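Asks: Take a look at the letters that make up each chain.
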Amino acid sequence: QQPVQSPQAVILREGEDAVINCSSSKALYSVHWYRQKHGEAPVFLMILLKGGEQKGHDKISASFNEKKQQSSLYLTASQLSYSGTYFCGTYNNDMRFGAGTRLTVKP
Amino acid sequence: DGGITQSPKYLFRKEGQNVTLSCEQNLNHDAMYWYRQDPGQGLRLIYYSQIVNDFQKGDIAEGYSVSREKKESFPLTVTSAQKNPTAFYLCASSMAQLSNQPQHFGDGTRLSIL
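Chains as they are written, first to last, in the numbering used here: chain A, 1 to 107; chain B, 108 to 221.
Bound conformation, chain B alone (with noise of 0.2 Å):
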């Protein structure tokens, strides 16, 4: 079956630490997204890609960084610049990233600080 993993689906991080959340899709789209959502708050735009090795920033992308170096795979970088970690990140993929495509999202990554 076709779809989108992430992976851990529970993730800690010490003071410090740069950690990676994994995203893979067999979808064989090529827009991918990572969003962070927190409490109350939606779901804010942190990465996109519409195609290999290019990538833009969205509203949230301080502290984060992002690689696309295979169609199926779009890694989130947590890094130590991010103060506030603590929250549900979402990976979505899409048949490209035009008004008419749907997104489909994996199951998510929760992040907690140690």
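Chain A extracted, bound-state conformation (with noise of 0.2 Å):
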């Protein structure tokens, strides 16, 4: 089963700050973020693991709460080299990736 993510697109102006949810109906071992800009390949951004851990670098971090199935990726001051779509994946068993947050940032 897909996770399900949400907002599913979000228009923001340089500098602004953005939040990005994750949540499975299932029990999860860890969760994966990545971007992926138009017409490429998608990055990896960061694991996080089971055990609640939060995790960030620059200004992009998140959080796992593995009691909620949930997932929470933040976007502080935001950039336009941050605009892209961002993907979780949630592995049980194996991974399942939910169907993209589409983040816009202007000038």
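For the record, the hints were derived by calculation from the structure and aren't laboratory data. Values in this document were obtained by computation on a predicted structure and should not be read as measured data. Don't take every hint at face value.
One-sided and incomplete, this derived list gives chain A residues near chain B with beta-carbon spacing under 7 Å [to be verified]: (1) A27; (2) Y29; (3) S30; (4) A41; (5) P42; (6) F44; (7) I47; (8) L49; (9) Y91; (10) F97; (11) A99; (12) G100.
Now the in silico label distances, taken between C-beta atoms and shown as ranges [as the list claims (entries may be wrong)]: (13) A188/B x G39/A: 25 to 35 Å; (14) D17/A x S219/B: 18 to 28 Å; (15) E40/A x N207/B: 16 to 26 Å; (16) L205/B x S6/A: 34 to 44 Å; (17) L134/B x E40/A: 10 to 20 Å; (18) R13/A x E176/B: 47 to 57 Å; (19) E14/A x S187/B: 27 to 37 Å; (20) E122/B x N65/A: 40 to 50 Å; (21) P107/A x L134/B: 36 to 46 Å; (22) H38/A x Q163/B: 24 to 34 Å.
Which chain A residues face chain B? A few, computed with CB under 10 Å, are given here [stated by the list, open to error]: (23) P7; (24) Q8; (25) V10; (26) I11; (27) S25; (28) H32; (29) Y34; (30) Q36; (31) E40; (32) V43; (33) K50; (34) D94.
Glycine included, each C-beta is placed from N, C-alpha and C at the ideal position.
Since each chain sits alone in its own frame, please combine them into the complex, following the hints.
Replies: Okay, here's the thing in structure tokens:
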């Protein structure tokens, strides 16, 4: 079963913050986050493992609540380069990806 | 540089024709995957392979076939039984099919019907 992502799309001005959510109906071992620019391959951002950890690099971070089977991706002080579609991948016995959240950052 | 190479970048299929999409990796990864991407539907798993000479169906395997004769290669055949093959196809690999292993993606093949 695919995880559910929200929102489907978001438009920001440079410097604004955004949160993308990912939820699953199954117990999860990990959550993966990827970003895809139009017509390109998805690029790995980070993995959050079972244990309720929070990770981040630069101004992009994420949390994983294993009890709620949810993860959130936080984009702080967004830059133009953050534009793209963000996918969460949830791992139970195998990986399933959400439908994606299209993020557009405008000047 | 290590990576995943998919070819061709664009492919056109005639009615009733089988076509094969190539995927090669030099990352020495054991696990390989094929995904189909349609607008608004994210990545849907077609087939995956954890080891040479073994593969499993994903969520949308009907109309597709794969082989894994070599560790570095995982070709996907879109058969004539797949009635709606127009999509963006992505191949990925990971060190193993484990929860803590990121997937590395190729640049994709865009398949269209003539």
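Asks: Work down the list of hints and note, for each, if the structure agrees.
Replies: Hint by hint, here is what the structure shows:
no. : hint                        : result
1   : A27                         : violated, 12 Å
2   : Y29                         : holds, 4 Å
3   : S30                         : holds, 4 Å
4   : A41                         : holds, 4 Å
5   : P42                         : holds, 5 Å
6   : F44                         : holds, 4 Å
7   : I47                         : holds, 6 Å
8   : L49                         : holds, 6 Å
9   : Y91                         : holds, 4 Å
10  : F97                         : holds, 4 Å
11  : A99                         : holds, 4 Å
12  : G100                        : holds, 5 Å
13  : A188/B x G39/A: 25 to 35 Å  : holds, 28 Å
14  : D17/A x S219/B: 18 to 28 Å  : violated, 39 Å
15  : E40/A x N207/B: 16 to 26 Å  : holds, 25 Å
16  : L205/B x S6/A: 34 to 44 Å   : violated, 28 Å
17  : L134/B x E40/A: 10 to 20 Å  : holds, 18 Å
18  : R13/A x E176/B: 47 to 57 Å  : holds, 51 Å
19  : E14/A x S187/B: 27 to 37 Å  : violated, 49 Å
20  : E122/B x N65/A: 40 to 50 Å  : holds, 49 Å
21  : P107/A x L134/B: 36 to 46 Å : holds, 37 Å
22  : H38/A x Q163/B: 24 to 34 Å  : holds, 31 Å
23  : P7                          : violated, 13 Å
24  : Q8                          : holds, 8 Å
25  : V10                         : violated, 15 Å
26  : I11                         : violated, 17 Å
27  : S25                         : violated, 15 Å
28  : H32                         : holds, 6 Å
29  : Y34                         : holds, 8 Å
30  : Q36                         : holds, 8 Å
31  : E40                         : holds, 7 Å
32  : V43                         : holds, 8 Å
33  : K50                         : holds, 7 Å
34  : D94                         : holds, 7 Å
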